[in-house]
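Those sequence lines, one after another, are chains W and B. Its first residue numbered 1, the first sequence is counted upward by one per residue in the UniProt record's numbering. Its first residue numbered 1, the second sequence is counted upward by one per residue in the UniProt record's numbering.
Derived from the structure by calculation, the hints contain no laboratory data. Certain hints may be false.
Claimed, not checked - Lysine-lysine pairs mimicking DSS-like chemistry, simulated, CA-CA at most 27 angstroms apart:
| hint | chain 1 | residue 1 | chain 2 | residue 2 |
| --- | --- | --- | --- | --- |
| 1 | W | K118 | B | K58 |
| 2 | B | K169 | B | K148 |
| 3 | B | K102 | W | K155 |
| 4 | B | K115 | B | K169 |
| 5 | W | K73 | W | K155 |
| 6 | W | K73 | W | K118 |
| 7 | B | K148 | B | K58 |
| 8 | B | K95 | B | K115 |
| 9 | B | K102 | B | K169 |
| 10 | B | K115 | W | K155 |
| 11 | W | K130 | W | K118 |
| 12 | W | K130 | W | K73 |
| 13 | B | K58 | B | K144 |
| 14 | B | K95 | B | K169 |
| 15 | W | K118 | B | K42 |
| 16 | B | K95 | W | K155 |
| 17 | W | K123 | B | K42 |
| 18 | B | K169 | W | K155 |
Because the structure is a prediction, the values reported are computed rather than measured.
Chain by chain, the residues run as shown.
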Amino acid sequence: MATVSLLRNCSRGSRLLLHMQPLTSASPSVVSKPFTASSALATIEYFRARRGPFTPEEKRGKGHLITASTHWKVERIVALGMVGIMPAALFIQGSTMDHLLTTFVYLHGFWGIDGVLKDYLVKFVPWVGKLWYLLAIIGFAGLVNFNFNDVGVCKAIQMLWSL
Amino acid sequence: MALLVRTLSRSPCLLRQTSLLLKHSSKKTTSAYEEMAQYWAKNRQLGRPLSPFLSSYKPHLAMMTSLTHRVTGVAMQVVICGTSILLLCLPGDLKTNLNYIKNLSIAPFIIYGLKYVFAFPVTYHFLNGLRHLAWDFGYGYALKTLYKSAYFVMALTAVVSTYFVFGIKPSEL
Numbered sequence: 001m002a003t004v005s006l007l008r009n010c011s012r013g014s015r016l017l018l019h020m021q022p023l024t025s026a027s028p029s030v031v032s033k034p035f036t037a038s039s040a041l042a043t044i045e046y047f048r049a050r051r052g053p054f055t056p057e058e059k060r061g062k063g064h065l066i067t068a069s070t071h072w073k074v075e076r077i078v079a080l081g082m083v084g085i086m087p088a089a090l091f092i093q094g095s096t097m098d099h100l101l102t103t104f105v106y107l108h109g110f111w112g113i114d115g116v117l118k119d120y121l122v123k124f125v126p127w128v129g130k131l132w133y134l135l136a137i138i139g140f141a142g143l144v145n146f147n148f149n150d151v152g153v154c155k156a157i158q159m160l161w162s163l
Numbered sequence: 001m002a003l004l005v006r007t008l009s010r011s012p013c014l015l016r017q018t019s020l021l022l023k024h025s026s027k028k029t030t031s032a033y034e035e036m037a038q039y040w041a042k043n044r045q046l047g048r049p050l051s052p053f054l055s056s057y058k059p060h061l062a063m064m065t066s067l068t069h070r071v072t073g074v075a076m077q078v079v080i081c082g083t084s085i086l087l088l089c090l091p092g093d094l095k096t097n098l099n100y101i102k103n104l105s106i107a108p109f110i111i112y113g114l115k116y117v118f119a120f121p122v123t124y125h126f127l128n129g130l131r132h133l134a135w136d137f138g139y140g141y142a143l144k145t146l147y148k149s150a151y152f153v154m155a156l157t158a159v160v161s162t163y164f165v166f167g168i169k170p171s172e173l
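Looking at chain W on its own, in the form it has when it is part of the complex:
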């Protein structure tokens, strides 16, 4: 905003500015170079940040089943569901509650970590999202297995709390 008003003032105030020979505009070939605050960080080629400018295609990504806004709504619905499920789990226990609690809490946490990784880490370590998918799948399989073949999540928390 400040820049815009500055430019307006410049062009109005001093006509001279307009006759200046403009510099050759920065070429987009700089794009692939790492942009880091410290030069020491720049030497670590592998962990260099993939920072801006991203093309619209890169921003959109590939192979999404639903739009981001729909995903956002689904996330809120799950979060709203948890508002009911978690207090209910204090009073009602059983295999249904085990599976409900596991699915909702785990899904919420999965998206949470996914978002945090995308915010901070994916631009440095692009494969970290895939690693998280793998760990998350194993973790969820473990919980489902625990619900079916062991005491279940609700009972487990009770047992832990009775210590």
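Assemble the complex: chain W is given as a structure, and chain B must be docked to it using the hints.
Below, chain B without anything else, positioned relative to chain W:
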């Protein structure tokens, strides 16, 4: 502003940059991507610091509640996922493993402390999550409301998590 303009028209070094800016603005048909590309090129050229310039912010309540929300959330999911994978790997069922811990006969104050470590993030994230949901639905943005709800959630977290730690003790299972 006028002073700035005068300085600009006098100093040749700044003039060069201004003409660069002028060139950008004079382009009538630049796509958003091209503008971004120019912006990033300029950032690199000037060696500007990265955007979330954390060291220049003085921490304030809204920032800290939000940060705690994220940190507790990440910590809990890491613990959930880690415990799940650990239980997959451990031999024996939960009961025998818990009995093993029970036989260590850990001092009660350590047990209560650990219970706080578990109860606090769950309670805080739940209660502060309600704030976040309210924001998502467009309520509670007024600065006064924001601060009030933050203090309310902090107080309620202390009360509820204390109740969880000392008030609930399931019988031996």
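Checked hints:
no.: 1; hint: W/K118 / B/K58; result: 25 angstroms, holds
no.: 2; hint: B/K169 / B/K148; result: 32 angstroms, violated
no.: 3; hint: B/K102 / W/K155; result: 16 angstroms, holds
no.: 4; hint: B/K115 / B/K169; result: 11 angstroms, holds
no.: 5; hint: W/K73 / W/K155; result: 31 angstroms, violated
no.: 6; hint: W/K73 / W/K118; result: 18 angstroms, holds
no.: 7; hint: B/K148 / B/K58; result: 20 angstroms, holds
no.: 8; hint: B/K95 / B/K115; result: 19 angstroms, holds
no.: 9; hint: B/K102 / B/K169; result: 15 angstroms, holds
no.: 10; hint: B/K115 / W/K155; result: 16 angstroms, holds
no.: 11; hint: W/K130 / W/K118; result: 11 angstroms, holds
no.: 12; hint: W/K130 / W/K73; result: 23 angstroms, holds
no.: 13; hint: B/K58 / B/K144; result: 19 angstroms, holds
no.: 14; hint: B/K95 / B/K169; result: 17 angstroms, holds
no.: 15; hint: W/K118 / B/K42; result: 25 angstroms, holds
no.: 16; hint: B/K95 / W/K155; result: 10 angstroms, holds
no.: 17; hint: W/K123 / B/K42; result: 20 angstroms, holds
no.: 18; hint: B/K169 / W/K155; result: 13 angstroms, holds
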